[in-house]
Amino acid sequence: MTSPGLYVHIPLCLAKCGYCNFYSIAAPELAPRFAPAIIGEMAFYKNAFRNFDTVYFGGGTPSVLPASSIDEILNAAHKMFDIDRHAEITLEANPGDLSLEYLRSLYSMGINRLNIGVQSFDDAILKFLGRRHTSKEALSSFDKACRAGFDNIGIDLIYAVHGQDIQLWQWTLKTAASLMPEHLSCYQLTLEPGTPLHLHYRQDGIKEPDDDESLAFFTTTSLVLAQHGYDHYEVSNFSLSPSWRSRHNMKYWEHVPYLGLGPSAHSFSGKKRWWNIANAREYITEIVRSRTVVSQSEELSTEQLALEALFLGLRTKDGIDPAIYKAKYGTVLLNEKRKPIDELMKNNLLEIKEGRLRPTLAGMAVADSLALI
Amino acid sequence: MENIRNFSIIAHIDHGKSTLADRLIQFTGVSNERNFQDQILDNLDIERERGITIKSNAISLPYQAKDGKNYTLNLIDTPGHVDFSYEVSRSLASCEGVLLLIDAAQGVQAQTLANLYLAMEHNLEIIPVINKIDLPAADIDRVLAEIDSELGLDPDTHIRASAKEGIGMEEILEAIVERIPAPTGSDNRPLAALIFDAQYDSYRGTIIHCRIFDGTIKAGDIIRFMSSGAIYKVEEVGHFMLQRVKRDMLSAGEVGYIIAGVKTVSDVRTGDTITHHERPCPKPLPGFKEVKPVVFASIYPIASDDYQDLADSLEKYKLNDASFIYEKDSSAALGQGFRCGFLGLLHLDIVQERIEREFHLSIILSVPSVRYRFTLKDGREIYVDNPTHYPDPMSIDKGEEPYIRASMMLPERYLGVVMKLCMEKRGVNSNMNYTGPGRVELSYEMPLAEVIFDFYDRFKSVTQGYGSFDYDMIDYRESNLVLMDILVNGEKVDALSQIVHRERARARALIACERLKDEIPRQMYKIAIQGAIGGEIIARTTISAFRKDVTAKCYGGDITRKRKLLEKQKEGKKRMKMIGQVSIPQSAFLAVLKSDND
Chain E
1 MTSPGLYVHI PLCLAKCGYC NFYSIAAPEL APRFAPAIIG EMAFYKNAFR NFDTVYFGGG
61 TPSVLPASSI DEILNAAHKM FDIDRHAEIT LEANPGDLSL EYLRSLYSMG INRLNIGVQS
121 FDDAILKFLG RRHTSKEALS SFDKACRAGF DNIGIDLIYA VHGQDIQLWQ WTLKTAASLM
181 PEHLSCYQLT LEPGTPLHLH YRQDGIKEPD DDESLAFFTT TSLVLAQHGY DHYEVSNFSL
241 SPSWRSRHNM KYWEHVPYLG LGPSAHSFSG KKRWWNIANA REYITEIVRS RTVVSQSEEL
301 STEQLALEAL FLGLRTKDGI DPAIYKAKYG TVLLNEKRKP IDELMKNNLL EIKEGRLRPT
361 LAGMAVADSL ALI
Chain S
1001 MENIRNFSII AHIDHGKSTL ADRLIQFTGV SNERNFQDQI LDNLDIERER GITIKSNAIS
1061 LPYQAKDGKN YTLNLIDTPG HVDFSYEVSR SLASCEGVLL LIDAAQGVQA QTLANLYLAM
1121 EHNLEIIPVI NKIDLPAADI DRVLAEIDSE LGLDPDTHIR ASAKEGIGME EILEAIVERI
1181 PAPTGSDNRP LAALIFDAQY DSYRGTIIHC RIFDGTIKAG DIIRFMSSGA IYKVEEVGHF
1241 MLQRVKRDML SAGEVGYIIA GVKTVSDVRT GDTITHHERP CPKPLPGFKE VKPVVFASIY
1301 PIASDDYQDL ADSLEKYKLN DASFIYEKDS SAALGQGFRC GFLGLLHLDI VQERIEREFH
1361 LSIILSVPSV RYRFTLKDGR EIYVDNPTHY PDPMSIDKGE EPYIRASMML PERYLGVVMK
1421 LCMEKRGVNS NMNYTGPGRV ELSYEMPLAE VIFDFYDRFK SVTQGYGSFD YDMIDYRESN
1481 LVLMDILVNG EKVDALSQIV HRERARARAL IACERLKDEI PRQMYKIAIQ GAIGGEIIAR
1541 TTISAFRKDV TAKCYGGDIT RKRKLLEKQK EGKKRMKMIG QVSIPQSAFL AVLKSDND
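Chains as they are written, first to last, in our numbering: chain E, 1 to 373; chain S, 1001 to 1598.
Possibly wrong hints are sitting among the right ones.
[Claimed, not checked] In silico BS3-like pairs for lysine-lysine, Cα to Cα no more than 25 Å straight-line: (1) E:LYS127 / S:LYS1553; (2) S:LYS1246 / E:LYS328; (3) E:LYS326 / S:LYS1377; (4) E:LYS271 / S:LYS1492; (5) S:LYS1263 / S:LYS1218; (6) E:LYS328 / S:LYS1069; (7) E:LYS346 / S:LYS1574; (8) E:LYS317 / S:LYS1562; (9) S:LYS1246 / S:LYS1283; (10) E:LYS346 / S:LYS1263; (11) E:LYS271 / S:LYS1568; (12) E:LYS337 / S:LYS1564; (13) E:LYS317 / S:LYS1246; (14) S:LYS1066 / E:LYS271; (15) S:LYS1164 / S:LYS1066; (16) S:LYS1564 / E:LYS317; (17) E:LYS328 / S:LYS1568; (18) E:LYS339 / S:LYS1573; (19) E:LYS317 / S:LYS1289; (20) S:LYS1526 / S:LYS1573; (21) S:LYS1069 / S:LYS1246; (22) S:LYS1318 / S:LYS1328; (23) E:LYS337 / S:LYS1573; (24) E:LYS326 / S:LYS1318; (25) E:LYS272 / S:LYS1562; (26) S:LYS1066 / E:LYS272; (27) S:LYS1564 / S:LYS1492; (28) S:LYS1292 / E:LYS339; (29) E:LYS339 / S:LYS1568; (30) S:LYS1425 / S:LYS1460; (31) E:LYS16 / S:LYS1562; (32) E:LYS272 / S:LYS1564; (33) S:LYS1492 / E:LYS339.
Honestly, the hints are just simulated from the structure, not real lab data.
Can you build the whole structure from these sequences, using the hints too?
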């Protein structure tokens, strides 16, 4: 699994959700100029990357682009980079935008994985989050995706939202699981400063869930989905079997290189990270003038790479292979960090299984701190 | 020499000493309003913030008196806290007279008396100045009665002033000229100069502040410090104006500075005598002594990489503080550090703050201790000021702790609460007498350990600031002592160990545990904090674990953001001490040292 991944960021939305802090703008009129710009950027990397085995259209809302635009981008990528025949090609979609016809054209052009931003099956929660779709539309979009031929579908859900207790969340989880999507992403609501929802919480004095409540949601999610056959393979990600894991997202956690195209997209070469300007209009203009759209970059020291590998690896069920870690970063974890690791094992947060250092479920819940050993 | 006057201002804390000094400086024209920074002599930030003078300081004021002659009035500022009485005594030894400043509203206080006695010991001319006469609460008649009855001075000799309003400045300056004797001494006799302070200047090395009693000194002279025998060549001499002003020579009677390339800071001791190497004075000036610290604590750098920097900064700090002593020390939990001796808890506070502020080091202090005496079963007698060196309990025949006599002055209405406080602090043999209507002088014999911990703060609080307090060491008395340890997650934190009276152990341990609980951040697992005597746990608290700490989404762009956050947290962790697997912030160590009711 060392082939790089290709990410295409489509920062366009019909409307911005209250909790979103990704770079996106509600400017669908830019859509026609978008594909050419992305393809323009792609050309910069023609000789730098090859053999992608995953492609991921994320956003924003990629599904606001006409199918023809996506097709253009995909075709260009095939020409420039030799994309693997069996590549996983994902598109993030918004339930409200999906017609059967649109889904069929996506499927026919080679998109083989659909990730639907359902977020909730409760209309009050959807409204609170500022989503444009209803739970009925969510169910119908899933049905259409199946009919269009998709056999690898992911659903995104959000939990610990104001007004949502554990019972309501369990019901949402069970509804989702009854559809048997191959993949589920369940994110605890994160209030990012600067988002309308953050302001809403502050102004109305809404309390965020405390430590114990957050943990209860987290644990319940894992247990309920386990009962339905889902494997909790990353902090917020579940799949029906290891083969249905998001191969593209695994690259982030396994420190595999990826190329990000589009405004604000991030890239990683294995040693260096860089990211594009977070402004769609400027991005398009610069590409037209054949100028770089890279906003900033950083060369990572071995120490920084080692820290990244640790906190990313410990987010996943499979954890870290100490032998590979040593080969890559020179640190013998089980010697140099023996004492803290022992203490964490004693407290049932880490375990060594099949030669790998892995977080337990309780450990996954505090994965960020685990990396501070 | 007839035109020189050397004087000091002595006062109880807050009676307006620094303000008066500033006003005299302004009045004599050394500084004008525009470049005037309040409280010029309090050079250190910490002095201005706390409103107390820690360092001695000097300034020469030019003054044309009513007799038409021009005088040089050397004002030697003295430290204003009971912890610094030796520095005060060396400054006073450099003067012929003092202004005894008394607050018109508060009247005579404990330190007014203590300072007066010091001035009398040096046979100084005393000019009582009643300050703050502009205050609505000023009660000049009462103060005059106190000057007569409590100080035994002639009330007719007083001057009324308000340093804040600039009232009485000329009267004060005239009194200095008329009443304080000119210095005696001879330029022809061998050099005898008293060091009353020294400061480190990173460009010039040690700046020695001194008073010339006999002889003269100029650049090029070869001088000797009589206590250490060290020899130097004088590079520069001069006076203190607002800055140093270079002069060709300093003569008998004058106050000024000497720069002599002194780099070895420990060669300068406050109270030492400087003389000429070739033509020394027959004996040193009287009064030199090695000051004896009464409170001991260890200092450790938070980052062990900072050990050498800490060593350097202590060496530099020591130059400006002759009463601070230190030696190497090491702790199982905290690594390499220094065991330090202080004159009191305020002194300790100041050292800690200055090391952190001026040398930009983060340090941890161990719990302060007094010096205990143990008689062992084999008959040996040992002194222990460091809990790490506590003898094997099985080998101890007898433990003793130092006692002091506390002298307190307070309005009668606080008598009840103060007596209760003193008894709580194991005070015995009380003595009481009325020094005036409604005023009581109270004395108790108390263990020093009780006094250094939180007595002073609580005393001030129960007397609402009206009480004054001073103490003298008396003797060692037998005491039921134990070594109390603090364990964090089962690991002993030796910097938090304390030698305490057995009856006090449980309460102390509980306070320490509670404070640590408040200051140690929650970690990934539950942490027990325990107080123990030997193997017996006498107090316990727990810090519950945090159970959720993970970013929900972590994809392409989130990684850099998250890594930077973790890097910051790792940096933060470096500023904490690892005890076993628990990171303890500096604030936790400091919290344990704080007095009981902060």
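Hints, verified against the model:
1. Using a Cα cut-off of 25 Å, the hinted pair LYS127 of chain E and LYS1553 of chain S holds, with the two alpha carbons roughly 22 Å apart.
2. The hinted pair formed by LYS1246 of chain S and LYS328 of chain E fails the criterion: a straight-line CA distance of about 65 Å is larger than 25 Å.
3. For the hint linking LYS326 of chain E to LYS1377 of chain S, the alpha-carbon distance of about 57 Å lies beyond 25 Å, and the restraint is violated.
4. With a C-alpha separation of about 43 Å, the suggested pair LYS271 of chain E and LYS1492 of chain S falls outside the 25 Å cut-off, and the hint is violated.
5. Between LYS1263 of chain S and LYS1218 of chain S the CA atoms are separated by roughly 19 Å; this keeps the pair inside 25 Å, and the hint holds.
6. Distance restraint check for LYS328 of chain E and LYS1069 of chain S: the Cα-Cα separation of roughly 85 Å exceeds the 25 Å cut-off, and the hinted pair is therefore not satisfied.
7. Under the criterion of a C-alpha separation no larger than 25 Å, the hint pairing LYS346 of chain E with LYS1574 of chain S is consistent with the structure, at around 24 Å.
8. Taking the CA atoms of LYS317 of chain E and LYS1562 of chain S, the gap is near 19 Å; set against the 25 Å cutoff, the hint holds.
9. Our distance criterion of 25 Å between C-alpha atoms is broken by LYS1246 of chain S and LYS1283 of chain S, whose separation comes to about 29 Å.
10. In summary, the hint linking LYS346 of chain E to LYS1263 of chain S is not supported, as the alpha carbons are separated by about 55 Å, beyond the 25 Å threshold.
11. Restraint check for LYS271 of chain E and LYS1568 of chain S: the C-alpha separation of about 21 Å stays at or below 25 Å, so the hint holds.
12. Proposed proximity of LYS337 of chain E and LYS1564 of chain S is supported: the alpha carbons are some 21 Å apart, at most 25 Å.
13. Between the alpha carbons of LYS317 of chain E and LYS1246 of chain S the distance comes to roughly 75 Å, so the proposed pair goes past 25 Å and is violated.
14. Restraint check for LYS1066 of chain S and LYS271 of chain E: not satisfied, since their Cα atoms lie roughly 82 Å apart, outside the 25 Å limit.
15. Between LYS1164 of chain S and LYS1066 of chain S the CA atoms are separated by roughly 24 Å; this keeps the pair inside 25 Å, and the hint holds.
16. For the hint pairing LYS1564 of chain S with LYS317 of chain E, the CA-to-CA distance comes to about 24 Å; that is within 25 Å, so the pair holds.
17. For the given pair, LYS328 of chain E sits about 23 Å from LYS1568 of chain S by alpha-carbon distance, which is consistent with the 25 Å threshold.
18. This hinted pair checks out: LYS339 of chain E and LYS1573 of chain S have alpha carbons roughly 16 Å apart, not beyond 25 Å.
19. Taking the CA atoms of LYS317 of chain E and LYS1289 of chain S, the gap is about 70 Å. The hint is violated against a cut of 25 Å.
20. This hinted pair checks out: LYS1526 of chain S and LYS1573 of chain S have alpha carbons roughly 18 Å apart, not beyond 25 Å.
21. Our distance criterion of 25 Å between C-alpha atoms is met by LYS1069 of chain S and LYS1246 of chain S, whose separation comes to about 24 Å.
22. Of the pairs offered as hints, the one joining LYS1318 of chain S and LYS1328 of chain S holds, with about 14 Å between alpha carbons and a cut-off of 25 Å not exceeded.
23. Restraint check for LYS337 of chain E and LYS1573 of chain S: the C-alpha separation of about 15 Å stays at or below 25 Å, so the hint holds.
24. The suggested pairing of LYS326 of chain E with LYS1318 of chain S is violated, with an alpha-carbon distance near 48 Å, which exceeds 25 Å.
25. Under the criterion of a C-alpha separation no larger than 25 Å, the hint pairing LYS272 of chain E with LYS1562 of chain S is consistent with the structure, at around 16 Å.
26. Annotation: proposed proximity of LYS1066 of chain S to LYS272 of chain E is violated, straight-line Cα distance about 81 Å (limit 25 Å).
27. Taking the CA atoms of LYS1564 of chain S and LYS1492 of chain S, the gap is about 34 Å. The hint is violated against a cut of 25 Å.
28. Taking the CA atoms of LYS1292 of chain S and LYS339 of chain E, the gap is near 44 Å; set against the 25 Å cutoff, the hint is violated.
29. Among the hinted pairs, LYS339 of chain E with LYS1568 of chain S is consistent with the structure: their alpha-carbon atoms are about 22 Å apart, no more than 25 Å.
30. Restraint check for LYS1425 of chain S and LYS1460 of chain S: the C-alpha separation of about 15 Å stays at or below 25 Å, so the hint holds.
31. A threshold of 25 Å between alpha carbons decides the hint, and for LYS16 of chain E with LYS1562 of chain S the separation of about 24 Å falls inside it, so the pair holds.
32. For the given pair, LYS272 of chain E sits about 15 Å from LYS1564 of chain S by alpha-carbon distance, which is consistent with the 25 Å threshold.
33. At roughly 17 Å between alpha-carbon atoms, LYS1492 of chain S and LYS339 of chain E fall within 25 Å of each other, so this suggested pair holds.
When each numbered hint is compared with the structure, violations occur for hints 2, 3, 4, 6, 9, 10, 13, 14, 19, 24, 26, 27, 28.
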